[in-house]
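Following the hints, put chain B in place on chain A, whose structure we already have.
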Amino acid sequence: MQDKPVTLKILDIVSVILLGVSTYLALVFAPTELVMGDVQRVFYFHIGTAWTALLGFILAAVFSVIYLIKKELKWDRLQVAAIEVSLVFFFITIVLGSIWARPAWNTWWTWDPRLTTAAVTELIYIAYFMLRQGIDDPDRRARFGAVYALVGGISAPITFFAIRLFRSIHPVVIGSANANQEKMNMTSDMRVAFFFALFAFTVIFIDLFWNRIRLGDLQEKVEQLKLKVTI
Amino acid sequence: MFLQTPTPDTSGYMIAGYAVAFITMALYVASMAMRSRNLNQDLATLEEMEKSAAKEQPAKPKKSPAKTVTKKSRKK
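The listed protein sequences derive, respectively, from chains A and B. Here the numbering used here is used: the first residue of the first sequence is 1, the next is one more, and so on. Here the numbering used here is used: the first residue of the second sequence is 1, the next is one more, and so on.
Chain A extracted, bound-state conformation (with noise of 0.2 Å):
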């Protein structure tokens, strides 16, 4: 494999720095909420991977329209890192939130609009690699692969835009909430908490996106050697 370019190995580095940063801000910088107490901390990390995941969940269905108009399996090798790194952070988003509403709501889990988009959008996902592995054609598996991963796409503006739609308990943090809803108000340290959170969790998912996309290209490479090799 090729040594790897140096600006992802300084990407990697900041990366580490970012979320040690992040977690420092989270844990020591931002006040204690008072009504929660510190478990309000999980909050952070909590938005931070929800809106990286969600951001590559939309990612992966457009470059699944760009591998259905191109046709080229880079594409599709795009899509599926988008897609996995994505599975890992709203798997960690759900996992947070749970963990937060068993103080705050007196239950691990509730199947409110919020909750039950969010698992049905991290089991479309779990569904979409099942998919995949079905089938041994690579560009079958591209084409199908695109189609899933498009529809499934949709998912994500559902699951960001349910707490705005339907009566739900969870909070709203950007953005108008309506009237009978929940809003977080929060003080100048928790915003710099917040928002620094945000951006360290879009340059660990841009990091770990481009090494899984090598990870895929090194894959593609070690396929095309063995049916060199067998033939």
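These are computed hints drawn from the structure, not numbers from a lab. The hints are all genuine.
Simulated crosslink set (DSSO-like; lysine-lysine; CA at most 30 Å straight-line):
| no. | chain 1 | residue 1 | chain 2 | residue 2 |
| --- | --- | --- | --- | --- |
| 1 | A | Lys74 | A | Lys228 |
| 2 | B | Lys55 | A | Lys221 |
| 3 | A | Lys228 | B | Lys55 |
| 4 | A | Lys221 | A | Lys74 |
| 5 | A | Lys74 | A | Lys4 |
| 6 | A | Lys74 | A | Lys226 |
| 7 | A | Lys221 | A | Lys9 |
| 8 | A | Lys228 | A | Lys71 |
| 9 | A | Lys4 | A | Lys226 |
| 10 | A | Lys226 | A | Lys70 |
| 11 | A | Lys4 | A | Lys228 |
| 12 | B | Lys51 | A | Lys74 |
| 13 | A | Lys71 | A | Lys226 |
| 14 | A | Lys226 | B | Lys55 |
| 15 | B | Lys51 | A | Lys226 |
| 16 | A | Lys221 | A | Lys4 |
| 17 | A | Lys221 | A | Lys71 |
| 18 | A | Lys9 | A | Lys74 |
| 19 | A | Lys221 | B | Lys51 |
| 20 | B | Lys51 | A | Lys4 |
| 21 | A | Lys221 | A | Lys70 |
| 22 | A | Lys71 | A | Lys4 |
| 23 | A | Lys70 | A | Lys228 |
| 24 | A | Lys228 | B | Lys51 |
Relative to the frame of chain A, chain B by itself:
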């Protein structure tokens, strides 16, 4: 002031949350590193196989000057 409810101690949940986030990310990075290492090993093996296969193939015979088939050579 005396009627204010004290802030609940939910630090255990916070620790659990951050532990899950870090462990999940670490596992994912480790899985990528492992997959990359395995693929590099496969690549090295395949390249070795390709090289040995190229060596084992008999060398192509040198092209001899084309002989024109004449009636005489046919009779021989």
